[in-house]
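Line by line, the protein sequences give chains A and B. Residue numbering for the first sequence follows our numbering, beginning at 37 and increasing consecutively. Residue numbering for the second sequence follows our numbering, beginning at 586 and increasing consecutively.
Hints were generated in silico from the structure; no laboratory data involved. It is possible that part of the hints are untrue.
[As the list claims (entries may be wrong)] A few chain A residues facing chain B, derived, Cβ under 10 Å:
id	residue
1	N137
2	R142
3	T144
Virtual Cβ for every residue (Gly too), placed ideally from N, Cα, C.
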Amino acid sequence: MPESDRAKEQPSAAQDCQGAPRSFGNAFPVLNEIRHALQRFVQTGEETRIDLSAMPFGPGDLDRLTDWLGTGEVQARVDALGPTRVQETAIAGVWLVDYRNAEQQRLTLHLEVASVPEILRPQPQDLADALTQLDARLEQATGTTPLSS
Amino acid sequence: MATPKRPDKTLGESLRAHGLSRRGFLKLCAATASMMALPASMVPRIAAALEQAKRPSVIWLSFQECTGCTESLTRSHAPTLENLILDMVSLDYHHTLQAASGDAAEAARMTAMEANAGEYLVVVDGSIPGPDANPGFSTVAGHSNYDILMETVEHAAAVIAVGTCAAFGGLPQAKPNPTGAMSVMDLVKDKPVINVSGCPPVPMVITGVLAHYLTFGALPELDGYGRPMAFFGQSIHDRCYRRPFYDKGLFAETFDDRGAQEGWCLYRLGCKGPTTYNACATMKWNSGTSWPIEAGHPCLGCSEPSFWDGGSFYEPVSVPLTANARTLLTAGAAGAVVGGTVAAVAKHRVKKADANRQPVTIEELEKKL
Ligand code: SF4
Ligand code: SF4
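Just chain B, with the same shape it has in the complex (with noise of 0.2 Å):
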């Protein structure tokens, strides 16, 4: 694990000192700026400001999920530039990518929240069994998620839920919601939170958020559920490039149709693109290689609020569609600018946090079980 307090050399410094020639570096803002869905005529202004950031503390809280989007994020395209964003930011605890365990491990995530006061980022995956629930459903060192969660992000600049079931309490709370699972933004009012959903993640999305974070030193623009607009901003729908055979009215009505041969459009498969927004039209996976819907496969609104419980996936949406494609939004220029002022008054306060806490009881899951 990294060291948790933040060093004081900026990017621009640090890189140099790693050997990174300029023209490395303005190969580096190129990229960023591709995988923050920002225009490329950004790149000399992300050059400026990557040249001054510095790394921040990053914890990451595993709750109710299945690792997929860790491994999404770590079996992602491009690893130069993946670890070196990742390289970017302390990762200072992460049970599945960290080396510590049990009590080296908790004490880790204490020691960054306390050197970084009012300054760490949290990152969420999993849902969290809602305060009404039985804590023991879920827990982390004995102690229940939601007290986790609460605890961490008490004194954190900003809380990041990547995936849907952190975003929108995804499959854990797909009817009928046997652990009572709740969505961060459900339990946390009081901070920023910026929702990455889809099931999983593109990890582009993931780490771009991140660097957004890095290299302006605020949150991006935010649309209704809380997600990034730059990434989220357009329906699968407005950006498929099987657009203008739904255009033309060319839909494939079975998987081995003429029409699904031909590349038509999935539509009448039950596509849900007209009602999803994601990045994966224009970002894909792996490694760019391609998407659901270049594979032949009608979009399932992964990245959407109950897409578990939206229905057949088989079964075309039944909104009326507009053809009115939304504009394409500059990030960047909005968003609040978070951390700095309030660091120092939280410093003192996170070191009482985990003497409040109580672990789950015997009892306590007996009681509800």
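One chain only, chain A, in its complex shape (with noise of 0.2 Å):
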């Protein structure tokens, strides 16, 4: 991976702007937010997605945010439809899911409240291809037909 986009890894804006982000107090409301939305999932199983770059942030907000949420064990890239990075924040069970385009610019960023985020699943669609793409490659290797269940 270039150097370039190891820099843009990150969830944090903090690379896009230059200085210490200021506080315009519109931060903590969102981890009330989250705290909500956690308990309801600990509860009833409930998952939430919540749309980041859809707060009225102003600058410095977001990155109080995720600084406050901190930075977990689990990291993940999916390639489709340029990148998307998942981090897992220190807080088990709330993710943040970055999906940007080709150019590295960002689509969207979702707070995912859940025990895995729904782009890292398998899509149901494909586990049902995946059965009959597993055989196809175990006929080839082996030319027989294997034993359907």
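From the two separate chains plus the hints, produce the assembled complex.
Rendered as structure tokens:
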């Protein structure tokens, strides 16, 4: 991966702006919203997605929020229609999903409260096709038709 | 130019035929939800609807305008996504973007109108010299803007007026309105008109409205000025990040005082945010980099009717302000379904339309100049 890509790898917008972020006080209410969502998830399993790019953030507000949430253990990258970067926050079950286009511009930034973000899970239609695909490969390798169960 | 007839493949099928994976499709839907200002929880519904959607034919008419609206759209944020949205419609006529010119261009418009009668969308940028004005003030292929507009919208499913000029008359209509400029909604009374105002409009809002039509096959819920609630439902002031300073009474008094440096509220410097409804505060400009208030300048109120005649840009608004934020309204559920049934009836009438319109003559031009 080229160095320039690596710099853009972080979900935080800190690299985009110079100087220390200022607070306009607009990040704090979102933290409360996340708390409610997490509580719902723990109690009922209901998942939540919050569109952070639709928040009325001033300069520095997004960085403040991501700083508060911290960085967790898991990072993942999906290559489909440009890169999508998934970062677990230090709060288990709270994920940042940064959708970028091939030119590295942000399409949207979601916060997901879930066990695993939707984009990482195989899609049901893909799972349906998977068995057929695997069978075809087995057949090619062994020359026999796999037993169907 | 694309083929004028709508292809029969659904969007899901044609995107997969272009090699887009299901995860890629899901990502497209997440970005589309943001673009339509819909909550992220709507993504699965959008995915289901886009999977089944068909490409609508779009005819784009430019009248008394500066091309700023088209510039805004084509310079827009997120090229991959914008291109995909534009690929999802069949843009059959657009002066500035089409390769064809002269008779071939006009023929493309007529063909698209005929093949998709009752189903195509008309996008208009620029205001129109009204029926009583000199028809020669603005012409396309020798015909007055008024004639071209009325002919094109006759069999359209809906009209989208892009930019403050098309939506409210804009700069051409500013006093003393020398060309008798009128807005689309002043002239088109029998079709749904959606106003996407702004000078220019936020590009994501233009494509967002197209994406909404594509996704739901319906027009979005509109406000009193015919603007989509999803983008124009809240004032700049309601969503402004400087609002906490307004609430505390901390105002910049000049452009270089301490308040300006600290990022305080720009109300006293003439900010029209409290009376202006637009999406700048969240969608922002220049690839989502910033927006006028973040750059330290008050909002001019460019998405409101008569904003050019509203007095100085640097005088505070004099209306009493209330702090009650409007509820964020979700578009998509409401809105009338358009197109479809009227299509068949309309189809055969289109052919005759251009026979009725007459080019502007030298005599007409001289008469009223
Ligand atoms: S008056 Fe203008 S700068 Fe002040 S909070 Fe309202 S929109 Fe923002
Ligand atoms: S901030 Fe105000 S004047 Fe500027 S583009 Fe937005 S609505 Fe128009």
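Check your understanding: Any of the earlier hints contradicted here, and which numbers?
Key -> Violated hints: none at all, because every hint is consistent with the structure.
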